[in-house]
Amino acid sequence: VKSVEPMPQIAVTPTHSVLSEDIDEEILEIFLEEADEEFANISDCLPRWLADEQDKDALVTMRRSFHTLKGSGRLVGALRLGEFAWGFECLLNRLLDGVLQRDETVCGLLERALPALPELIAQIRSGAATTQPIEALMNMAHALSRGEPVTLACLDVAQVEAAPVEDVLASTAPDVGLEEIQLAAGL
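With the working numbering as the guide, the letters of the sequence shown map in order to residues 86 to 272.
The hints are simulated quantities; they were obtained by calculation from the structure and are not laboratory data. Beta carbons are placed, not taken as given, at the ideal position from N, Cα and C, and that holds for glycine. Check before you lean on any hint, since a few could be wrong.
[Stated by the list, open to error] The calculated label-pair distances, taken between Cβ atoms and stated as ranges, are:
#1 Glu114 / Leu199: 19 to 27 Å
#2 Ile115 / Val184: 29 to 37 Å
#3 Asp142 / Glu106: 37 to 45 Å
#4 Gly232 / Glu111: 36 to 44 Å
#5 Ala136 / Ala214: 28 to 36 Å
Throw the hints in and build the complete structure from the sequences for me.
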């Protein structure tokens, strides 16, 4: 059995309310339009940056979009989306200031964050449940920002609540040890 570094806890249940209790519906609607625009910006910039590491404009634009989602989300009371965006804004800040280097984990985490954004926006609009591991993505973005190691295979564990860990290990993470997955999942 190999020794592994402790991984950040993966939260499967939401740690933040979707919306605060005192929401102004008119302002919320304006925020949702802005959130759609920022998601479109990120959707445009992420593939550009993944294809060209030197495309700093794409990286800066993504960071600005997450910053806007964080600030506006918190202002209007879209708490879960605001906190999610904050995690990725921190990650992108570390990339921009050179503290964190682009690697497979950073790129993979950003790619996994992209489909989570429209789910978070839809959750605000209609109360629809999210299927992406929102809290795990958020926690991993913060962990990377702090320079802590993360394993993307843990995201697959967060999405598979009912399956035994051994089945998850065999199907989604053959190169990750059972002990590491159990540790990361808090088992």
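Verification of the supplied hints:
no.	hint	in the structure
1	Glu114 / Leu199: 19 to 27 Å	24 Å, holds
2	Ile115 / Val184: 29 to 37 Å	34 Å, holds
3	Asp142 / Glu106: 37 to 45 Å	39 Å, holds
4	Gly232 / Glu111: 36 to 44 Å	42 Å, holds
5	Ala136 / Ala214: 28 to 36 Å	33 Å, holds
In terms of the numbered hints stated before, the structure departs from none.
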